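Build the full structure now, drawing on both the sequences and the hints.
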Amino acid sequence: MLYLDIQLQLALFLFVRKNSKLVYKHILFHSHVQDENKVDQKFFQITMICRFCWQLPPTEYNCTNLKICKTVQCPREYYISNCTVLPHVHCLGYREFQKKMYCNLTGGYKWSTALALSITLGGFGADRFYLGQWKEGLGKLFSFGGLGIWTLIDVLLIGIGYVGPADGSLYI
Numbered sequence: 001m002l003y004l005d006i007q008l009q010l011a012l013f014l015f016v017r018k019n020s021k022l023v024y025k026h027i028l029f030h031s032h033v034q035d036e037n038k039v040d041q042k043f044f045q046i047t048m049i050c051r052f053c054w055q056l057p058p059t060e061y062n063c064t065n066l067k068i069c070k071t072v073q074c075p076r077e078y079y080i081s082n083c084t085v086l087p088h089v090h091c092l093g094y095r096e097f098q099k100k101m102y103c104n105l106t107g108g109y110k111w112s113t114a115l116a117l118s119i120t121l122g123g124f125g126a127d128r129f130y131l132g133q134w135k136e137g138l139g140k141l142f143s144f145g146g147l148g149i150w151t152l153i154d155v156l157l158i159g160i161g162y163v164g165p166a167d168g169s170l171y172i
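Be aware that the sequence shown starts at 1, since it is given in my numbering, and climbs by one per residue.
To be clear, the hints were calculated from the coordinates, so they are not data collected in a lab. Only a predicted model underlies this, so the values are computations on that prediction, with no experimental measurement involved. Using N, Cα and C, we set each Cβ at its ideal position, and we do this for glycine too.
In the DSBU-like style, the derived pairs of lysine-lysine whose C-alpha atoms are separated by at most 35 Å in a straight line are:
hint, residue 1, residue 2
1, K135, K110
2, K99, K110
3, K110, K100
Quick list of simulated restraints, FRET-style, between CB atoms:
hint, residue 1, residue 2, range
4, K42, Y102, 44 to 50 Å
5, G148, Y102, 36 to 42 Å
6, R51, S112, 38 to 44 Å
7, G168, P87, 35 to 41 Å
8, L92, T64, 20 to 26 Å
This is how it looks when you write it as structure tokens:
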């Protein structure tokens, strides 16, 4: 492993085509580059895929989630997040950037539990109570699931994911 001092004297950038990918080579001429044995090195080479920082895969940067949003909307809602590239990753451009992200709020409700409640106790409104929709749950309870019709419709709607939690979150 090579250790790099911050003071750069001269940097040479090369773009080389390798296996049909554009590879960016960064060759440094520096007097304070040392290997693991603390021996000064004249050349230091980094080989990486040539891409801007905002094009990196999500595993190579961290983003802050500043917005609480409801996700059971069509089309899906976005928010702007501030992202920072991890220190060991090399990329072109600014290391801090903004990225459009999908809202992914979950409230702890499982789709499988809601479906099982709808099939077994749907006539008593247990599925709607579980999802936090207490008004609909009371309606199903006092009408015995709309005499079975409302129960069958709810099994279908929960099964395809149309009916979700009352707080607007996604299923786990």
